[in-house]
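Engineer: One letter stands for each residue in the lines below.
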Amino acid sequence: MTAPPASRPAPDSSSAVPAAGLPSSAVRSAFDPGAAAARATDAILRDTLGAAHRGVVVDSPPGAGKSTLVVRAARELAAAGRPLMVIAQTNAQVDDLVVRLAEKDPGLPVGRLHSNDPDPYDKALDELPNVRKSAKAAELAGLDIVISTAAKWAHVQGVEPWRHAIVDEAYQMRSDALLAVAGLFERALFVGDPGQLDPFSVVGADQWAGLSYDPSASAVTTLLAHNPELPQHRLPVSWRLPASAAPLVSGAFYPYTPFRSGTGHGDRRLTFGVASDGSGPDRVLDEAAESGWGLLELPARRTPRTDPEAVRAVALVVRRLLDRGGVATSERSPGPVPVTADRIAVGTAHRDQAAAVRAALAELGVTGVAVDTANRLQGREFDVTVVLHPLSGRPDATAFHLETGRLCVLASRHRHACVVVCRAGVAELLDEHPSTEPVQLGVTVKFPDGWEANHAVLSHLSEHKVSWRP
Amino acid sequence: MPPHPLDARALAALAANPGCRRRALLDGAGVDKGALAEALGSPAPFGQSQFAFMRGNAFEAKVKADGGTELMRLLADRLGGQAVPPAPGEVSVPDLSAAGPEGRTARTALALREATAAGAWALLDHPLLALEVAGSPAYLEPDAVVVRPDGRWTVVEIKSFPMIDGSADASKVGAAARQAAVYALALERVAVRTEGAEVGHQVLLVCPKDFSNLPTASVVDIRKQLSVTRRQLARLTRIEDIADTLPEGTTFNLERCSGAQLTSAVDAVSAAYAPECLAACELAFHCRSRARERGAVEALGRSVRGELGALTTVAAVLSAAHGDTGDPDDPTVAALRRAATLRAEALAGADRAVTEQAVAGRAMADRAVAADRAVAGGAETEG
Amino acid sequence: MSLISTLARLEAVASGRARPLATVRHRRISERPLVLVPLTTAGEAGAPLGALVGTDRDAPRLLTVAQPRDRDLRFAFLGELAEAVLPYIDAYTDVIEPAERNETDPETGKRVKVEVELCVDAPQLVVPSRPGIDFVRLLGRSMRFRRTAEEDPETPYPAPPRVPLLGRWLTHYGERARVPGSSLLLATTDLLNRHWATGQSGLEDQHLGALLAWIDPPGTLSGAEAALLAELERDRDGQLACPPAGPATDPAFDNRLLAPAIERYDRARQELGAAEDGADAEERLARLTAAERHIRALLLGVMRPTWDAVWHGLDLLRQLPEGARVEERWTRDRWSFTGHRDRVRAGEPPQPRRDDAVTAAQKLASRETALAQLAAAEALDDPLVLAGHRLSGEAFVGEVTEVVMAYSEGKRPSPRPLITVRTDDRPHLGERTKVFRSLDGKPQSAEFVRYGDGPADEDEAGTGTGTGTGTGTGTDEDGTLVLRLTDRMGRSKEPAPGSVPEKGDRISWTLFEHDQRGGPKLPDPEETPWTHGGPPVREGTAEAGPDAPRQAPDPVTEEDFL
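Protein chains in written order, with the numbering used here: chain A, 13 to 482; chain B, 6 to 388; chain C, 2 to 563.
Honestly, the hints are just simulated from the structure, not real lab data. Even for Gly, the Cβ is constructed at its ideal location relative to N, Cα and C. It is possible that some hints are incorrect.
Stated by the list, open to error - Residues on chain A that point at chain B, a partial pick, calculated with CB under 8 Å:
| hint | residue |
| --- | --- |
| 1 | E172 |
| 2 | R175 |
| 3 | T315 |
| 4 | D408 |
| 5 | E464 |
Unchecked claim - Cβ pair distances, simulated, as ranges:
| hint | chain 1 | residue 1 | chain 2 | residue 2 | range |
| --- | --- | --- | --- | --- | --- |
| 6 | B | D170 | A | V171 | 34 to 42 Å |
| 7 | A | G454 | C | P154 | 31 to 39 Å |
| 8 | A | R144 | C | E514 | 23 to 31 Å |
| 9 | C | R297 | A | G454 | 36 to 44 Å |
| 10 | C | E514 | A | A42 | 54 to 62 Å |
| 11 | C | R237 | B | E95 | 54 to 62 Å |
Based on the provided sequences and hints, a complete structural model is requested.
Structural biologist: This is the structure we're talking about:
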């Protein structure tokens, strides 16, 4: 192997290879997360570089170092004299990978293939001397690494196939998108998180359900249906999720592929400079700081999606978190670090809810907090997240609200604590949910079921429940 | 009165509306809901065509003919493991007849235990299983259960809808899977008391192939349905608890009670009507007319409620939309008013005649609001 | 369901009449549609019981199967159906106009224009309800792999001539019906539900009789009353006054009327077979004929109300003016029809049982494109549809209050005028969000610059509190926003006349595109990549396993049902 070991944590620190001298608990416990992750990474790189198989599949749970792995695999392939193409799903993901690659190896010639739209890539790429940008694949020929979105790659024609490719976020890629680009490469490393939101189609695709190449299925489903012999790996350690969150997220969303947290209980701490004023938001923050989870429960009521009380409660929790001088201690830095607005996110199910929370935060004078839907928070990381429960105040659950990936994304963005704001009555709502899903013959059942995962998360949260009014 | 068996329709009704207390109580008490609906004057339009019935029976008989040879071949082929299907003589088909449901379930349990202990193939044709639902026993009769030499019990569902080019009506397969899950749960009760037994979470669904009468089969993984059903059954409100909330002397005795008495008895238990009930529950037409009388918005579909927040009646929504009631700061009310304005504007711009209709509609809506208020008499809180 | 359509349903409840969901008709209704009302036998897959078919509302052609389990009778039925449907289709195949199509030249690989034929109009099939469309698909599937005696003299059960061809056409129509906005094969319930909201649920709206009762209740009845009668009213024999729109029949009809009639027919047939002399046979034949006539009368009795309901529905729909962009979609239907005509003429085999990977992906992509096109076209054609998008922040209507000329930077500055718009709507605009308006039927794009009509300050556009791109809904603004027009103003420095909005213009803008770019080119099926199983195995090749012959006829057995 030619690549140097990871010298410093990546920006979100979700490094597949932890820096030396890490958590004390890791040393104490029988399970050594650093060693386990390194073993997994080595095996993945061995299969990728060994090229005995046309494909290698890697499952990466939240914060397990997927991006770090992609960057490392790309650099090692390039260093071995094997130019490669990288396929990501969104322009933001592509730009992020380009920046990470340049950070690790500023001298590496990287091509950013982009669309003809205005502002097709992040302006930050213009600062990188060895990154060439073009809308034409031919102009990037010969570069070690060429990166673009699946949508752009699909329009590339008449080029010599690459010997290697890396497909990032492969579980969010649709089978038909893979079909359009698979002719461009001979073999590929497929990396992704099976627990996040599945790709979907806005038109019915039932007529192809059960076919191995159902165009609306995920790329990995089709790939493995046709090539069951491909090696499948998984990254076993989440460096993002704290010890308080990993077991729940793993159990509820990855029941057959469990993972552990890279840090132990006590390795991370969240404290406040200002004592609780006894209000609901303060008490739930204390609970979350102590246990990693907090459920702020509002009285049961059927509400509109943008429930003003719940929205205001979310905003207040954020306001109090900032006002009380939240400070996070973790393996990442020697001393406590203030939890500033940019380290906090608010997650919602719907865009109008996000807009309402933004407005409520603005009213409270809070700026700089990321407020977005689960779709847009995918792949991001924060110290503390505040989540408006997707089922809060609803008269019923729908497939959208029960989608496993949505809850998984919302419950797995945080390094320290997650506060969920919710109306009472969701357990009953779930119990009253009709179970009349159609079943397509030949379709592999996907686990876990959203309904069950919701129950699992809710029952865990109920142990950390704080009522809005004392 | 002997309890009415928990049949496929009752299970479908449970799946379609697990939160309905009325359905739960009547099913739990073994009331014949079809007869009750008839007595209430809202008979259920369910019925089975004798063509379908005959075809279903003929197909099932064909599948099970010759000691289940064809069925065993399909099972071995689809569920793997055993590469060689058992020879016809290798499969025992125990006699399960006995007096009464208790006798039949006991006979079934015995046959299951014997076959498992013998480590041989057995085909149980129409076994009878018991399962406690909401505190009262329910009897279930799967089409068949196969015991394999390794001790695995497999539920077999024989349906007469076709599998065409390997796919079948997904809603019918879903219903079959939920039904099979209940059978598997009932089998588990016997399996825990049987050494070496294990209930398979894959069931065999046998259907006619394409446009023929030839059987074909597909394996259905029922783990999801099992976990949902297990949880539903565990959390079902106990029948006694619902019954305790009823007025003293409430009874559903069809022979002794008048229509009016039955109506008030039925109305004493709350229902959670949704249009999906129409395809699943015998009482649905009765519940629908009640829901419509109340002006309940869910009579228009469960999804309608999603954007209406705390507003639950047609009159309340319309009067909020037209600016007569409601807090303008409530996002629901604000959205409704915007929707009403945009809708009126579009209709007015498109066609003057249509606008006049809308005004007429508005006037009628106002009358409906007034009527509704008079009827509701404060019983419904709409705030 | 959008809040506007929910509101329409609630209005319908209150007013007792269905309420409009559209101000124009969004589907083509042919001048001469072929209406097909099929019935099937309960419990049998694709064993037809009867049909009414034709283009003349007063003279439907009645086709029946006296004993659905009899293969010969079923084949006779399908043969008759082919004779009823195919001449209607044939009448359109040769009325053509010249057209151009882009094709890839196989030698140069370049895109070239090719002169082709395009059928001037296309045949249109209308069935009562969605299960009717499924049944058309099922009939297509059951017929297209049949072999006629002419094709295969050895076949044990030859199908009547033209039955396989009808199967291919019905299959094509069934597939086309899955394309959003297509009008080749339509279900009356879908058509009505697209244009009216009733005071009942979407599930109940699948009942054609109840649906029509809400839209056009007879006499003085309210929609709710008429719908209830349509659902439940029965005569003294327990028969529904408004029979199901098919293809399923009412069990009470099966059990009380049809089963005895079929039994009588079977008996008469048996007796005829056992006749001893001519006179006896004649009498028995008369009894058989009477029995058959009775079945025909019964089936006509339950199909005729549905037949009339379909035409009633078409009458109601025809009262709505056709949307401006419906013609465009119908042209795509004509291309689809012409394409299938060409494939049949070229002697291509019937459509395979299951799509290969590339075909499936292509179909999905084209349907997604069609859906986006349909959504945009309906919004542009119909202010009531646009209202839904305005409510959800995906469109806005506003008056132009100011136009300031500005230019792009660079060597050849192009016009980029700034348009100030005042609107009561609350579109979801973020920094440089693209918006579109329709200019002479073509989209013109602009980008969002900022809220308010103050001085140009680029930072204002990004005042949202989040790090996400959305900057809220502009609720605390005064309803004024500034757009920069970015295209369709010609090549010269001065914008082409009429290409820039003027002060006082009231314009609808959408946040969604009006045109939808097609998806990327997929590989040829022969080049299906390894990730998708490689090229499909074709019939007749060495690798073809037992399941491989995709166009082989279904195995025929003694107990076969079709």
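Engineer: Is it true that R144/A and E514/C lie within 23 to 31 Å of each other by Cβ?
Structural biologist: 30 Å Cβ-Cβ, so the 23 to 31 Å window holds.
Engineer: Would you say the C-beta atoms of E514/C and A42/A sit inside 54 to 62 Å of each other?
Structural biologist: holds, 57 Å
Engineer: Could you tell me whether the CB distance from G454/A to P154/C stays inside 31 to 39 Å?
Structural biologist: holds, 37 Å
Engineer: Is the shortest C-beta separation between E464/A and chain B less than 8 Å?
Structural biologist: holds, 6 Å
Engineer: Does R175/A hold up as a contact with chain B if the rule is Cβ-Cβ below 8 Å?
Structural biologist: violated, 37 Å
Engineer: Is the hinted range of 34 to 42 Å satisfied by the C-beta distance from D170/B to V171/A?
Structural biologist: 38 Å Cβ-Cβ, so the 34 to 42 Å window holds.
Engineer: Does the Cβ pair R297/C, G454/A satisfy 36 to 44 Å?
Structural biologist: holds, 42 Å
Engineer: Against chain B, run the beta carbon of D408/A and see if the smallest gap drops under 8 Å.
Structural biologist: holds, 5 Å
Engineer: Is the shortest C-beta separation between T315/A and chain B less than 8 Å?
Structural biologist: Since chain B brings a Cβ to about 5 Å from T315/A, closer than 8 Å, the hint holds.
Engineer: Is 54 to 62 Å right for how far apart the beta carbons of R237/C and E95/B are?
Structural biologist: holds, 57 Å
Engineer: With a cut-off of 8 Å, does the beta carbon of E172/A approach a beta carbon of chain B closely enough for the hint to hold?
Structural biologist: violated, 39 Å
Of the numbered hints given earlier, the model fails hints 1 and 2; all others are met.
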